Amino acid sequence: MIDPRFLRNQPQEVARLLARRGFCLDVEALKALEARRKTAQKQTEDLQASRNARAKAIGGAKARGEEVATLMAGEEDDAKRLALAQAELASVLAAWDELAAGLPNIPAEDVPDGAGEADNVEIRRWGQEPAFAFTARDHVDLGEGLRGLDLAAAAKLAGSRFAVLRAGLARLQRALIQFMLDLHTREHGYTEVYVPYMANRDSLFGTGQLPKFSEDLFAIAGQPYFLIPTAEVPVTNLARDMVYARAELPLRFVCHTPCFRSEAGAAGRDTRGLIRQHQFEKVELVQIVAPEDSARAHEELTGHAEAVLQRLGLPYRVMALCAGDMGFASAKTYDLEVYLPGSSRYREISSCSNFRDFQARRLNARARTPGQKPELVHTLNGSGLAVGRTLVAVLENYQEEDGGVRIPEALVGYMGGETRLASDA
RNA sequence: GGAGAGAUGGCCGAGUCGGUCGAAGGCGCUCCCCUGCUAAGGGAGUAUGGGGUCAAAAACUCCAUCGAGGGUUCGAAUCCCUCUCUCUCCGCCA
Numbered sequence: 000m001i002d003p004r005f006l007r008n009q010p011q012e013v014a015r016l017l018a019r020r021g022f023c024l025d026v027e028a029l030k031a032l033e034a035r036r037k038t039a040q041k042q043t044e045d046l047q048a049s050r051n052a053r054a055k056a057i058g059g060a061k062a063r064g065e066e067v068a069t070l071m072a073g074e075e076d077d078a079k080r081l082a083l084a085q086a087e088l089a090s091v092l093a094a095w096d097e098l099a100a101g102l103p104n105i106p107a108e109d110v111p112d113g114a115g116e117a118d119n120v121e122i123r124r125w126g127q128e129p130a131f132a133f134t135a136r137d138h139v140d141l142g143e144g145l146r147g148l149d150l151a152a153a154a155k156l157a158g159s160r161f162a163v164l165r166a167g168l169a170r171l172q173r174a175l176i177q178f179m180l181d182l183h184t185r186e187h188g189y190t191e192v193y194v195p196y197m198a199n200r201d202s203l204f205g206t207g208q209l210p211k212f213s214e215d216l217f218a219i220a221g222q223p224y225f226l227i228p229t230a231e232v233p234v235t236n237l238a239r240d241m242v243y244a245r246a247e248l249p250l251r252f253v254c255h256t257p258c259f260r261s262e263a264g265a266a267g268r269d270t271r272g273l274i275r276q277h278q279f280e281k282v283e284l285v286q287i288v289a290p291e292d293s294a295r296a297h298e299e300l301t302g303h304a305e306a307v308l309q310r311l312g313l314p315y316r317v318m319a320l321c322a323g324d325m326g327f328a329s330a331k332t333y334d335l336e337v338y339l340p341g342s343s344r345y346r347e348i349s350s351c352s353n354f355r356d357f358q359a360r361r362l363n364a365r366a367r368t369p370g371q372k373p374e375l376v377h378t379l380n381g382s383g384l385a386v387g388r389t390l391v392a393v394l395e396n397y398q399e400e401d402g403g404v405r406i407p408e409a410l411v412g413y414m415g416g417e418t419r420l421a422s423d424a
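Residue numbers 0 to 424, in numbering that gives the first Met the number 0, belong to the letters of the first sequence in order.
No lab work stands behind these hints, which were simulated from the structure alone. Heads up, some of the hints might be wrong.
To be verified - Simulated restraints, written as ranges between beta carbons of each label pair: (1) Arg-4 - Glu-408: 16 to 26 angstroms; (2) Cys-23 - Val-411: 50 to 60 angstroms; (3) Phe-217 - Ala-78: 43 to 53 angstroms.
What the hints assert, rightly or not - Okay, derived cross-link-like pairs now, DSBU-like style, lysine-lysine, Cα gap no bigger than 30 angstroms in a straight line: (4) Lys-61 - Lys-37; (5) Lys-55 - Lys-37; (6) Lys-55 - Lys-79; (7) Lys-211 - Lys-30; (8) Lys-41 - Lys-79; (9) Lys-372 - Lys-41; (10) Lys-41 - Lys-55; (11) Lys-37 - Lys-79; (12) Lys-37 - Lys-372; (13) Lys-30 - Lys-41; (14) Lys-37 - Lys-211; (15) Lys-30 - Lys-79.
Because the structure is a prediction, the values reported are computed rather than measured. Even for Gly, the Cβ is constructed at its ideal location relative to N, Cα and C.
With the sequences and hints as input, model every part of the structure.
What follows is the structure in structure tokens.
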């Protein structure tokens, strides 16, 4: 949520900033609504004040044993006027909330201009793209050759965009998860958390998935729950309605969960393989920090995600998303894109965002310096990493001519000492 | 699933027959005093959100909030209804 005072007092400035991301704010409608709000609120509060004064006078008179009937005369009329004023105010506020809840975050000053993916800016690159003396296979061919990937079985069990992993591949995915969790907890100072894989409306509103993006979610029929599209939702919501002591911050959480996405808008895209699934594993990094620390924390968190790729020896590049390509709640986002030899292109494997106070305001997540008023915290998160896509990257980058796949050194310990998955293709 | 108890400020906890209760008391925190320092002690202050005067700060003032939502009433933390959550016992269960 954008600071409502900023929105009220400087709507044209907000409109200018949101225009950077291609969002059109109707300033005139906003001003009209604000004018109505002001009148309705003033009137309601004045009527409430006189009602309160009258009630107080009656109470005082009764306490002194005085006659009260004259004080109570004429009350009914006021009560009607108050009810009307309250109804008007409630409808204005509801309209305001709906409008405000639908506004995306204001892009940070240093976010590049641009309308879409093509305008994202490469910040840096790491690693060497592998040069194979043979034609590189993609992860589907490799996985099937290893008898570890069974998409047909998954289609039978559930449908398209699901996967069954077996044997070495199933273990490799588990190894990746363990490796990432250990790295972030041991070396990057994160606390591991385990959370529900379903979340309620309040939680999804807090992080920004609701009310606008419900079609991206799986809802549980007959229950007030949604399957989480990312651990960001439950983990960031740990901060909801909290007042932390400033000294407790920053909080750093790492969390492995499955993620569930309807991919409603992606029909026909990435239909082959593990790239875009209804269910995938992800290790997520979440930070709750003091406002002045969030820019630095964002760089650090991005570095923590990069460390995973570096330890695995996977080449990647860091992209600064342009204003038009950023997610709804983000003020600034870096995407990490890993190189996939199977398709000779870079694919998103992590998205690291600073939400500043946008989520915190929706969440009512605050921190207090002793003796001072609570202040909204800043929230950040990033994938560290998307495990399914990391599995794809390992298969494609570590493949050998016969269809076998070497195990990255960092994972050998997690694979019980195995150094290679052998293909029988 | 059955029976019962509960939800009050940053935390704990009191709220009498509905009225002067945004709420006693304690802890914590902030400032001051005292002591050579520390500990102990004394004093004062300390909920959150929103509105108006005003574009902003200070100040003043008003409104809302005692789990959530409705209702009764001139007036609700207090009475009634619904819901949510927590706890205890019983049953069932990985």
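Unmet hints by their number, sorted upward, for this structure
1 and 4
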